Amino acid sequence: MGLWETISGRTKPKRANLDALFLVPSAAITLQTAAGLTPTGDGSVCYRAASGAGFHQTQAEVLALLRGSADAPEVQTSSDAFGFTWLQVHRDPDDPEGMAGLCTDLHAVNTTLESEGFGPGLLCSLVPFADPAGRRVGLVYLYKKGTFYPFAPAGPQQRDNLLELQVRDTLRAELPIEPELSGWLALWGAPGL
Amino acid sequence: MARSRFVGDAGLTVRMTTVIFLLGALLVVLVVGIGLAFRSPGIGLLVAVGGIGFAVYQWANSDKVAMRAMRAREVTPQEAPELHGVIDRLCALADMPKPRVGVADTPVPNAFATGRSPERAVVCVTTGILGMLTAEELEGVLAHELSHVAHRDVLVMTVASSAGIAAGALTQGAQYGAFFGGNRRDNNNGGLPIWLVVLVVSLVVYAVSFVLLRLLSRYRELAADRAGAYLTMRPDALASALQKITGGINQIPQRDLRQVRAASALCIAPAISGVSLKTLTSTHPSLEQRLEQLARIQAELSRPGAQ
Numbered sequence: 001m002g003l004w005e006t007i008s009g010r011t012k013p014k015r016a017n018l019d020a021l022f023l024v025p026s027a028a029i030t031l032q033t034a035a036g037l038t039p040t041g042d043g044s045v046c047y048r049a050a051s052g053a054g055f056h057q058t059q060a061e062v063l064a065l066l067r068g069s070a071d072a073p074e075v076q077t078s079s080d081a082f083g084f085t086w087l088q089v090h091r092d093p094d095d096p097e098g099m100a101g102l103c104t105d106l107h108a109v110n111t112t113l114e115s116e117g118f119g120p121g122l123l124c125s126l127v128p129f130a131d132p133a134g135r136r137v138g139l140v141y142l143y144k145k146g147t148f149y150p151f152a153p154a155g156p157q158q159r160d161n162l163l164e165l166q167v168r169d170t171l172r173a174e175l176p177i178e179p180e181l182s183g184w185l186a187l188w189g190a191p192g193l
Numbered sequence: 194m195a196r197s198r199f200v201g202d203a204g205l206t207v208r209m210t211t212v213i214f215l216l217g218a219l220l221v222v223l224v225v226g227i228g229l230a231f232r233s234p235g236i237g238l239l240v241a242v243g244g245i246g247f248a249v250y251q252w253a254n255s256d257k258v259a260m261r262a263m264r265a266r267e268v269t270p271q272e273a274p275e276l277h278g279v280i281d282r283l284c285a286l287a288d289m290p291k292p293r294v295g296v297a298d299t300p301v302p303n304a305f306a307t308g309r310s311p312e313r314a315v316v317c318v319t320t321g322i323l324g325m326l327t328a329e330e331l332e333g334v335l336a337h338e339l340s341h342v343a344h345r346d347v348l349v350m351t352v353a354s355s356a357g358i359a360a361g362a363l364t365q366g367a368q369y370g371a372f373f374g375g376n377r378r379d380n381n382n383g384g385l386p387i388w389l390v391v392l393v394v395s396l397v398v399y400a401v402s403f404v405l406l407r408l409l410s411r412y413r414e415l416a417a418d419r420a421g422a423y424l425t426m427r428p429d430a431l432a433s434a435l436q437k438i439t440g441g442i443n444q445i446p447q448r449d450l451r452q453v454r455a456a457s458a459l460c461i462a463p464a465i466s467g468v469s470l471k472t473l474t475s476t477h478p479s480l481e482q483r484l485e486q487l488a489r490i491q492a493e494l495s496r497p498g499a500q
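Chains A and B supply the protein sequences, listed in that same order. Note that the working numbering has the first sequence beginning at 1, numbered continuously upward. Note that the working numbering has the second sequence beginning at 194, numbered continuously upward.
Please keep in mind that the hints were generated in silico from the structure rather than gathered at the bench. Everything numeric in this text was worked out from a predicted model, so none of it was measured. Quick reminder that beta carbons are idealized off the backbone N, C-alpha and C, glycines included. Any given hint might turn out to be false.
[What the hints assert, rightly or not] With a Cα cut of at most 27 Å, we get these calculated BS3-like pairs of lysine-lysine:
hint : chain 1 : residue 1 : chain 2 : residue 2
1    : A       : LYS145    : A       : LYS12
2    : B       : LYS291    : A       : LYS12
3    : A       : LYS145    : B       : LYS257
4    : B       : LYS257    : B       : LYS291
5    : B       : LYS437    : A       : LYS145
6    : A       : LYS14     : A       : LYS145
[Claimed, not checked] With the Cβ distance kept under 7 Å, some of the chain A side facing chain B (calculated, not the full set):
hint : residue
7    : THR6
8    : PRO13
9    : ALA50
10   : GLY117
11   : GLY121
12   : LEU123
13   : ARG135
[Claimed, not checked] In silico contact screen, one side only, chain A against chain B (beta carbon under 10 Å); selected entries:
hint : residue
14   : ARG10
15   : LYS14
16   : ALA49
17   : GLY52
18   : THR58
19   : GLY83
Take the sequences, apply the hints, and build the full model.
Here's what the structure looks like:
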């Protein structure tokens with residue numbers, strides 16, 4: 001933070017970095033071939049719903065936008081224990097274009113929210129994967145940092161750290177992975193995991 | 194181009210920078226005044242260096258001192274999972290390093306942030322506030338405290354107070370000078386004893402610095418309110434939290450207030466209340482002022498989008 005920001009006591013809210021989502025489809029293929037993890041067809045965006053009419057209107061617009069297209073996915077919203085809202089999108093996982101369509105949907109959500117000035121409220125995006133043994137790993141994208149990290153819950157308040165590190169090593173060359181392990185925020189109760 | 198819902202407050206920025214500039218000018222006045230009294234610029238500079246040095250020492254130890262003053266202890270994520278979880282998410286939203294978390298066991302509802310930089314910071318809450326607020330309101334309060342950390346308020350306030358610290362030390366020293374130095378007069382000053390000149394200059398500087406620092410503290414609080422409201426996107430949560438806390442503190446009996454006096458300036462609401470709260474000497478803006486700013490932010494956030 002610069003000297004002027006320190007003196008004037010004003011931090012600019014961090015702008016979200018939206019475009020890296022389009023790296024996910026090729027990362028999904030790598031995960032499938034190298035680690036046997038297949039996408040579940042879900043994808044979700046986690047954001048802070050602002051209070052007031054403006055945000056509700058924007059959210060309604062987003063939902064209408066997603067549901068209005070020709071090959072519309074299933075869309076629903078829910079809120080979690082921390083008061084954040086999850087907007088979940090589901091597309092058929094067997095469809096080869098499914099993952100690309102999913103990322104386009106998530107990107108549409110983000111850009112709509114950002115264009116209405118609610119970009120600072122975006123927390124993360126989540127794309128869950130599952131392996132044949134039933135373990136689930138979510139690929140989380142943090143908007144403010146512009147980096148990805150894996151999150152593999154293995155029970156209440158427990159993470160499968162080895163699986164997470166394995167996913168990190170698999171995807172290291174393709175995606176910007178969050179280098180600080182302390183930044184791998186746990187998302188307990190996230191939809192799809 | 195994405196639209197921004199940030200409500201800038203040019204007036205607040207102008208007032209804040211003016212006060213900071215005046216505090217810097219005050220240090221110069223002190224240096225010059227002392228230099229003239231002793232007819233030696235070196236002593237004036239020594240005083241300034243001493244004041245700044247002590248301020249830096251205070252800043253470096255701010256987290257330990259404040260934690261001890263409020264009798265707060267650090268808690269791990271296992272001990273307070275919800276508290277850590279809320280702070281985790283707020284830090285991810287703000288893209289700032291996560292501070293240490295502490296809890297103070299006292300019924301006075303309050304929260305404070307301290308520490309010399311965002312990398313070495315602590316955010317503390319009291320058990321009183323944990324019991325009093327809903328999860329959303331607590332999140333608003335924590336966002337306000339994290340904004341203090343992000344704005345480096347501890348550093349700014351400590352540096353800004355260096356003139357006052359030096360002047361305060363000189364007032365003490367000048368009184369000793371009167372006692373021991375007798376009537377050593379500087380004939381070039383028309384017979385005024387040196388200690389008197391030093392005493393008067395440092396008293397004036399101390400008084401002006403006191404008022405200016407309180408003013409600066411109020412502006413920083415408003416800036417932290419604003420940043421916290423934008424972080425959570427819920428100004429109404431912070432507003433209702435402030436109303437609960439300010440009401441709550443007035444009901445706490447006198448004897449608890451003395452232990453929080455030292456750290457009051459870093460808290461979300463002045464921990465000392467009901468004791469001659471004249472606006473000039475208050476470290477926090479009035480509740481009405483804070484609510485008014487939050488209402489402005491709320492109006493901007495809830496304005497329907499452009500079609």
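Each hint, compared with the structure:
For the proposed pair A/LYS145 and A/LYS12, the alpha carbon gap of about 15 Å is at most 27 Å, so the pair holds. About 18 Å separates the Cα atoms of B/LYS291 and A/LYS12, which keeps this hinted pair within 27 Å; it holds. Straight-line distance between C-alpha atoms of A/LYS145 and B/LYS257 comes to about 30 Å, which puts the hinted pair past the 27 Å bound. The straight-line distance between the Cα atoms of B/LYS257 and B/LYS291 is roughly 17 Å, inside the 27 Å bound, and the hint therefore holds.
For the suggested pair B/LYS437 and A/LYS145, the alpha carbons sit about 35 Å apart, so the restraint of at most 27 Å is broken. For the hint linking A/LYS14 to A/LYS145, the alpha-carbon distance of about 9 Å falls within 27 Å, and the restraint holds. Look at A/THR6: its Cβ gets to within about 5 Å of chain B, closer than 7 Å, so that hint holds up. Of the supplied interface hints, the one on A/PRO13 holds, with its beta-carbon coming within about 6 Å of a beta-carbon of chain B, less than 7 Å.
A cut of 7 Å between beta carbons decides the hint on A/ALA50: the least distance to chain B is about 4 Å, and the hint holds. The restraint placing A/GLY117 at the interface with chain B holds, with a minimum CB-CB distance near 4 Å, inside the 7 Å limit. With its C-beta approaching chain B no nearer than about 5 Å, A/GLY121 sits inside the 7 Å limit, and its interface hint holds. For A/LEU123, the interface hint holds, since its Cβ comes within 7 Å of a Cβ in chain B; the closest pair sits about 6 Å apart.
The criterion of a C-beta within 7 Å of any C-beta in chain B is not met by A/ARG135, whose closest approach is roughly 23 Å, and the hint is violated. The interface hint given for A/ARG10 is met, as the beta carbon of that residue sits about 6 Å from the closest beta carbon of chain B, less than 10 Å. The beta carbon of A/LYS14 is positioned within 10 Å of a beta carbon in chain B (closest approach about 4 Å), and the interface hint is therefore held. Hint status for A/ALA49: holds, given a least beta-carbon distance of 7 Å to chain B, under 10 Å.
Interface restraint check: A/GLY52 against chain B, minimum CB-CB distance 2 Å, threshold 10 Å, status holds. Given the 10 Å rule on beta carbons, the hint for A/THR58 holds: about 6 Å separates it from the nearest Cβ of chain B. At about 6 Å, the closest approach between the beta carbon of A/GLY83 and any beta carbon in chain B falls short of 10 Å, and the interface hint on this residue holds.
Of the hints listed earlier, those the structure fails to meet are numbers 3, 5, 13, in rising order.
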